[in-house]
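Trainee: Work the whole structure out from these sequences, hints included.
Protein chains: 2
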Amino acid sequence: MKILLAEDQAMVRGALASLLRLSSQHELVEAADGDAALALLKQQSFDMLLTDIEMPGRSGLELAAWLQHQQSPTKVVIITTFGRSGYIRRALDCGVSGFLLKDAPVQDLLAALEKVQAGKRVIDSELALLALGEQDPLNDKERRALRLAGEGKSTAEISQLLFIAEGTVRNYLSEAMSKLNAANRIDAARIAQQKGWL
Amino acid sequence: MKILLAEDQAMVRGALASLLRLSSQHELVEAADGDAALALLKQQSFDMLLTDIEMPGRSGLELAAWLQHQQSPTKVVIITTFGRSGYIRRALDCGVSGFLLKDAPVQDLLAALEKVQAGKRVIDSELALLALGEQDPLNDKERRALRLAGEGKSTAEISQLLFIAEGTVRNYLSEAMSKLNAANRIDAARIAQQKGWL
DNA sequence: CCCAAAACATGACAAATGTCATGCTCTTCG
DNA sequence: CGAAGAGCATGACATTTGTCATGTTTTGGG
Numbered sequence: 000m001k002i003l004l005a006e007d008q009a010m011v012r013g014a015l016a017s018l019l020r021l022s023s024q025h026e027l028v029e030a031a032d033g034d035a036a037l038a039l040l041k042q043q044s045f046d047m048l049l050t051d052i053e054m055p056g057r058s059g060l061e062l063a064a065w066l067q068h069q070q071s072p073t074k075v076v077i078i079t080t081f082g083r084s085g086y087i088r089r090a091l092d093c094g095v096s097g098f099l100l101k102d103a104p105v106q107d108l109l110a111a112l113e114k115v116q117a118g119k120r121v122i123d124s125e126l127a128l129l130a131l132g133e134q135d136p137l138n139d140k141e142r143r144a145l146r147l148a149g150e151g152k153s154t155a156e157i158s159q160l161l162f163i164a165e166g167t168v169r170n171y172l173s174e175a176m177s178k179l180n181a182a183n184r185i186d187a188a189r190i191a192q193q194k195g196w197l
Numbered sequence: 000m001k002i003l004l005a006e007d008q009a010m011v012r013g014a015l016a017s018l019l020r021l022s023s024q025h026e027l028v029e030a031a032d033g034d035a036a037l038a039l040l041k042q043q044s045f046d047m048l049l050t051d052i053e054m055p056g057r058s059g060l061e062l063a064a065w066l067q068h069q070q071s072p073t074k075v076v077i078i079t080t081f082g083r084s085g086y087i088r089r090a091l092d093c094g095v096s097g098f099l100l101k102d103a104p105v106q107d108l109l110a111a112l113e114k115v116q117a118g119k120r121v122i123d124s125e126l127a128l129l130a131l132g133e134q135d136p137l138n139d140k141e142r143r144a145l146r147l148a149g150e151g152k153s154t155a156e157i158s159q160l161l162f163i164a165e166g167t168v169r170n171y172l173s174e175a176m177s178k179l180n181a182a183n184r185i186d187a188a189r190i191a192q193q194k195g196w197l
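Quick mapping for you: the protein sequence lines, in order, are chains A and B. Per numbering that gives the first Met the number 0, the first sequence starts with residue 0, numbered consecutively. Per numbering that gives the first Met the number 0, the second sequence starts with residue 0, numbered consecutively.
Just so you know, these hints were derived from the structure itself, not from any lab. Only a predicted model underlies this, so the values are computations on that prediction, with no experimental measurement involved. Everything hinted at is true.
Since the list can't tell identical chains apart, any single copy or any two copies may satisfy a pair.
Calculated pairs, SDA-like style, for lysine to any residue (alpha carbon to alpha carbon, straight line, at most 25 Å):
(1) K1 to E29
(2) K101 to V28
(3) K152 to N180
(4) K194 to P136
Mentor: Written out as structure tokens, the structure is:
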């Protein structure tokens, strides 16, 4: 099996590559960021893409979406950091075959690769529970306002960008804050981003 | 040589361990968090501690400080994520022998271990430049106020905790914001934390 | 010792933020 | 149809926040 490993932190990537080369006889190619991975995906065909979500250039989710759009048979397995459980829904929408935490032991990774290869889907149970437990409570307007607020934009700027009154902006942000149990708009933005809801 | 590897993300830890076991003949022990690492350090003697900074329980810097305080001969090598360059000064104060980025290739890690074993100090050059370029502009009072603000505490709460007037708290935070080019207190807290200045 | 500079501290003020009561439109269900 | 309710939008209001001018204490030279 031919696997593409996309992960930006060189040390982590190198270590994982070494591990995978050691414990399996698959062919392994490495990519240092999302764009490099995409280029490789266009160029060659892989049986599996093993990718981080947060990378410079394209995110792992974008890669998965692209593959899905291409109707590529390449299976996608996402590895991500704990706490970004909000990504899981979007990942499933992109048709990924696996979703694992970097907190899981390496055996889980190896086992997951086996299962995915056999056509199964593997979702880390801890993560699945979290994802079911909390889902994105924000509506579209709130999300857009919150995203801008998170970028440091003021109420006035946001109101202009969204073509609504300042009061309305404050209203949306207030809603979002209350839904996210945040102390203020920026706190709310941070929480939402951390969950992958922005 | 007997090495203790402290890193909380199991997958990363497992992969690094596998790599190190493969590429060297050193004895390697793993710890899943700062507290476990400390317990092992108390119990056995190691030639080297290879540790992440941000971990549950004790941080890698705390481990380094403890070893320094014990006048232990154990060498410390820190591996950390890019962007937390602010940690480097504190790390040097704790007498660490090496400071590497997870962005560096694994060869760098192996090379660094060699050098440190030979008694040298290894600081990632990229990181060293960054650290020299920007140093923590916050003074102690500002840092303490900012830390509390980052936890979502209000001005009133902070003023009580620090035994100063609310106006003074706002003053410190305002100073910090201006020094960090932040739009508001929470933004400032985020920036400082990201640089490792909190 | 004495002065100047730095660090520390304060409250007045203006601006920004968050809350709330209210009104409007559109769907949906009896 | 008509009532109920969800979603969207607004501005008045009180609170919180950030800025600034100012005063006090500490520190380090001369």
